[in-house]
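Chemist: Chains B and C: place on chain A using the hints.
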Amino acid sequence: MDQLLIYIDITGTFAFAISGALTGMNKKLDPFGVFILAFITAVGGGTLRDALISSRTAFWLIDPEYAYIVLGGTVFAILFRERMNYLKKTIMLFDSAGLGLFTIVGVEVGIQNDLNAFACLAIGTITGTFGGVLRDIFVNEVPVIFRKEIYATITILGGAIYLILRQIQINPIITQIIPIITIITLRIFAVYYHWSFPVIKFIDKENS
Amino acid sequence: MDQLLIYIDITGTFAFAISGALTGMNKKLDPFGVFILAFITAVGGGTLRDALISSRTAFWLIDPEYAYIVLGGTVFAILFRERMNYLKKTIMLFDSAGLGLFTIVGVEVGIQNDLNAFACLAIGTITGTFGGVLRDIFVNEVPVIFRKEIYATITILGGAIYLILRQIQINPIITQIIPIITIITLRIFAVYYHWSFPVIKFIDKENS
Amino acid sequence: MDQLLIYIDITGTFAFAISGALTGMNKKLDPFGVFILAFITAVGGGTLRDALISSRTAFWLIDPEYAYIVLGGTVFAILFRERMNYLKKTIMLFDSAGLGLFTIVGVEVGIQNDLNAFACLAIGTITGTFGGVLRDIFVNEVPVIFRKEIYATITILGGAIYLILRQIQINPIITQIIPIITIITLRIFAVYYHWSFPVIKFIDKENS
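Protein chains in written order, with our numbering: chain A, 1 to 208; chain B, 1001 to 1208; chain C, 2001 to 2208.
Simulated from the structure, these hints should not be mistaken for lab results. We put the beta carbon where it would ideally sit given N, CA and C, even for glycine. Watch out, some of these pointers could steer you wrong.
[To be verified] Computed footprint of chain C on chain A, listed as stretches where at least three residues anywhere in the stretch have a Cβ under 8 Å from a Cβ of chain C:
#, region
1, 117–123
2, 172–182
[Claimed, not checked] Calculated from the model, a selection of chain A residues having no Cβ within reach of chain B, i.e. all distances over 10 Å:
#, residue
3, K27
4, K88
5, I137
[What the hints assert, rightly or not] In silico DSSO-like links for lysine-lysine, alpha-carbon gap of 30 Å or less:
#, chain 1, residue 1, chain 2, residue 2
6, C, K2088, C, K2028
7, B, K1088, C, K2028
8, B, K1027, B, K1088
9, A, K201, B, K1201
10, A, K88, C, K2201
With the rest of the complex left out, here is chain A (with noise of 0.2 Å):
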């Protein structure tokens, strides 16, 4: 990876650490499994991700500073707890920043290992939200990627927009800064403003 996408993914680990390690503390774990739940929530994407391409070993068994990284956003979610008013929102805010980090960097190691651009969507997709899934899944949630505000798609369209941008060989940080302010932005404003798709009617003869 070239060093800008090396602190993109730097930062999306920590912010996604800082949403697992507030969700362990509301669910009331251990600081033990509150690192644990951070360390699930920070490299469950990039580890589904690893895991679908059979030449990739786990990222972060290769490179340890991942442990550390966590490590820090579980101190930091600790220490500044106090000031994190609005839980729901803050969990929120940190989930959105890892989600707009993250699917970047998935969808670059999807083209690093040639993948046609379908694969890399859904590669960059599963390394965004795969993690905060996982958060939820192990504390008895709905998956975010399930809850109304057009989760998926905004990722998607994020990945559609880093793909075209790299096609026409743009500045490289421009390349990624406009995708990831994009993914973030819309994210925030769609459950500020409770952006949805409606649902399908949909009558269960069974049931009436």
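Modeler: Relative to chain A, chains B and C alone:
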């Protein structure tokens, strides 16, 4: 894979996508959530299979066609949703079709990766069942494989029939059709007539 | 693996299979469901380990013997179920045995795949704990690793002792026995005496 097996694989993908899409609509997911649940259901079994075999990258990362098949199944389920009375039975029917079709695909992948007979059966069972297990876990229901109607037993039986027929090298169409029909028929009969194994009597002395 | 480690691996498989089978009977699964839950519990940790390391195919696809060991553990649990009073304690005992045994196996697999010390500990912890986590998720209980009794801490401590003893190259039997005994003993003491870390105080201002 030979041509016939590709058709079987496509039909299984379509059937599981419908079962996942119907489940998603039943759980009031938005259209994108319905598609994602259909996708997870349709590719989940083959994905775990490919993750377990070290040399294989997840098949749908290589062949983007699978996403279109899932999209087709999802649209089909949405369009014809009002004609599908008795939803749970309809889901079960499509689930059974996917089960029979994918089990054979999975056993064949095992054979082509030089796995032993036990491993071929196991990988066939995983390919056939795991998509439905994921579908159920994601919507918080008891995984279909742990429900009463001898689900896994039928799958393994069908896989074993395929292994034997393939060994004695009769016509490949017959070799594939017989176990598929066996699995689908037995599964439907098992649900319809409530076939089940007796539960082991077990008195927990803590609670009595 | 050397001969001694193979025995440790077999014993761990047997112990986890019993813990899974007892859990399955307690949840009123049919005999086949009991076997499948025993199988998932017994091979789950090693399977995730092998999925994370790109060069490894899941061990039980290569050695079908594991299925027989799981079958043996399941039959054992069924036959002696009435002698196992105080079920939760019995499940905990076999879970602890599997935990101690598998952690060492996992750390050793890490060493033999040239992973760094952190990664060896992580892969050992995953090998030791993930089967039990899957068992609990499948029957809808809080995963054992998130319960109070410092489960993961003990595992990591035992793995670290193994790494150190192995480094100083004393007798291999001692190198393996000491951390196994440490993990099992500490785990049982932790449950018996309710050892736990204090939970971090955290006032959610949204709900107060």
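Chemist: Out of the numbered hints, which ones does the structure contradict?
Modeler: Checked against the structure, the hints that fail are numbers 1, 2, 5, 9, while the rest are satisfied.
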